[in-house]
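**Q** Sequence:
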Amino acid sequence: MIDRDAEDIYKTLLESTRAIPWKINWETKAFEYIGPQIEELLGWSQDSWASAQDWIDRIHEDERQASALSCIELSDKGVDHEIDYRALTADGDYVWVRDVIHVIRENGITKSLVGFIFDISERKAMEEALHQANKKLEQLSFQDGLTGVANWRLYDQTLGREWAHGMRNNSSLALIIIDIDNFKEYNDQFGHLLGDESLKKVASALQKVVTRSTDLIARYGGEEFVLLLPGTGRDAARDIAERCRREILDLAIDHPASSAAKVLTISAGVCCMVPVAKLNRKSLFATADKMLYEAKLSGRNKVVCSWPQGMEKVKSR
64 MIDRDAEDIY KTLLESTRAI PWKINWETKA FEYIGPQIEE LLGWSQDSWA SAQDWIDRIH
124 EDERQASALS CIELSDKGVD HEIDYRALTA DGDYVWVRDV IHVIRENGIT KSLVGFIFDI
184 SERKAMEEAL HQANKKLEQL SFQDGLTGVA NWRLYDQTLG REWAHGMRNN SSLALIIIDI
244 DNFKEYNDQF GHLLGDESLK KVASALQKVV TRSTDLIARY GGEEFVLLLP GTGRDAARDI
304 AERCRREILD LAIDHPASSA AKVLTISAGV CCMVPVAKLN RKSLFATADK MLYEAKLSGR
364 NKVVCSWPQG MEKVKSR
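Start counting the sequence shown at 64; every next residue gets the next number (my numbering).
Don't read these hints as lab results, they were simulated from the structure. Treat the hints with caution; some may be incorrect.
[As the list claims (entries may be wrong)] With a straight-line Cα cutoff of 25 Å, these simulated DSS-like cross-link-like pairs (lysine-lysine) come out: (1) K86 with K174; (2) K187 with K264; (3) K198 with K247; (4) K341 with K359; (5) K198 with K187; (6) K187 with K174; (7) K325 with K359; (8) K325 with K345; (9) K174 with K271; (10) K247 with K341; (11) K353 with K247; (12) K325 with K263; (13) K187 with K140; (14) K199 with K264; (15) K359 with K264; (16) K264 with K325; (17) K263 with K359; (18) K199 with K271; (19) K264 with K247; (20) K345 with K359; (21) K92 with K198; (22) K271 with K187; (23) K199 with K140; (24) K359 with K247.
Using the sequences plus the hints, can you model the full thing?
**A** In structure tokens form, the structure reads like this:
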């Protein structure tokens with residue numbers, strides 16, 4: 064049996080820690096005790112914690128139901144547990160806390176709960192900062208370092224997903240492959256620094272054309288870009304490729320060594336098809352690449368298209 068002096072010492076020790084002690088009578092759901100530190104943390108006075116309902120009402124609505132139901136279920140079963148949630152402060156803000164809960168039972172029946180509330184807001188802020196850093200790192204792994212558009216890795220991943228989507232929904236998928244005409248000669252004449260600047264300008268101009276969130280523009284390598292356009296019919300794909308060609312012309316970047324014009328130009332190969340089981344997704348790229356070759360062979364600064372014979376015009380965009 065703990066005497067009164069020992070009990071006072073024990074209480075003093077509990078109330079001098081940053082952990083906030085509390086006790087609830089499980090039969091009446093009434094708070095029998097909560098440490099005075101609760102007022103410093105949340106702003107609520109000790110006597111405002113009358114029942115378990117006060118605790119529930121001060122949990123953020125996003126975590127309220129799950130936290131309450133989990134606590135009730137585990138407490139009835141006599142299982143010690145922990146719960147993380149945002150606790151409402153008296154001035155209307157929220158603080159992340161962790162409740163560590165110990166269940167006291169007699170003859171297999173839960174009689175009371177005792178526990179500690181810990182302020183974990185700092186830890187949560189660090190976890191969120193780490194999450195954002197990892198998210199940024201993941202984004203960078205799918206981004207071309209020079210132009211800021213997607214890289215080939217994201218293109219390949221997106222192609223696989225959109226090809227499967229097209230098969231399930233019998234919807235078209237268009238691909239435009241774009242190559243800057245005579246870019247080696249441009250680099251030879253002006254140097255790689257100006258070449259890199261021109262690549263950035265081209266990528267920026269192409270981004271003006273690709274406006275839907277489902278569309279993807281990626282740098283495929285060197286001076287080559289790809290535009291992946293889900294749910295886009297053949298006429299729309301041709302129009303988009305032509306708009307890309309005009310956007311680059313409008314940049315009016317001097318290129319005296321070009322065989323197509325005296326400014327920087329692009330050639331584009333376009334393919335549009337509805338994915339089916341008998342086709343491989345690589346066939347989309349292979350066909351568009353063949354059209355790009357024909358565009359360059361026929362004088363550059365051109366758009367050449369191809370789609371399976373008999374394919375219906377898909378009205379989209």
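**Q** Taking the hints in turn, state whether each one holds.
**A** Each hint, compared with the structure:
no.	hint	in the structure
1	K86 with K174	holds (11 Å)
2	K187 with K264	violated (41 Å)
3	K198 with K247	violated (36 Å)
4	K341 with K359	violated (30 Å)
5	K198 with K187	holds (16 Å)
6	K187 with K174	violated (33 Å)
7	K325 with K359	holds (16 Å)
8	K325 with K345	violated (35 Å)
9	K174 with K271	violated (67 Å)
10	K247 with K341	violated (38 Å)
11	K353 with K247	holds (21 Å)
12	K325 with K263	holds (19 Å)
13	K187 with K140	violated (29 Å)
14	K199 with K264	holds (24 Å)
15	K359 with K264	holds (21 Å)
16	K264 with K325	holds (17 Å)
17	K263 with K359	holds (22 Å)
18	K199 with K271	holds (24 Å)
19	K264 with K247	holds (17 Å)
20	K345 with K359	holds (21 Å)
21	K92 with K198	violated (43 Å)
22	K271 with K187	violated (39 Å)
23	K199 with K140	violated (43 Å)
24	K359 with K247	holds (14 Å)
Checked against the numbered hints above, the structure breaks hints 2, 3, 4, 6, 8, 9, 10, 13, 21, 22 and 23 and satisfies the rest.
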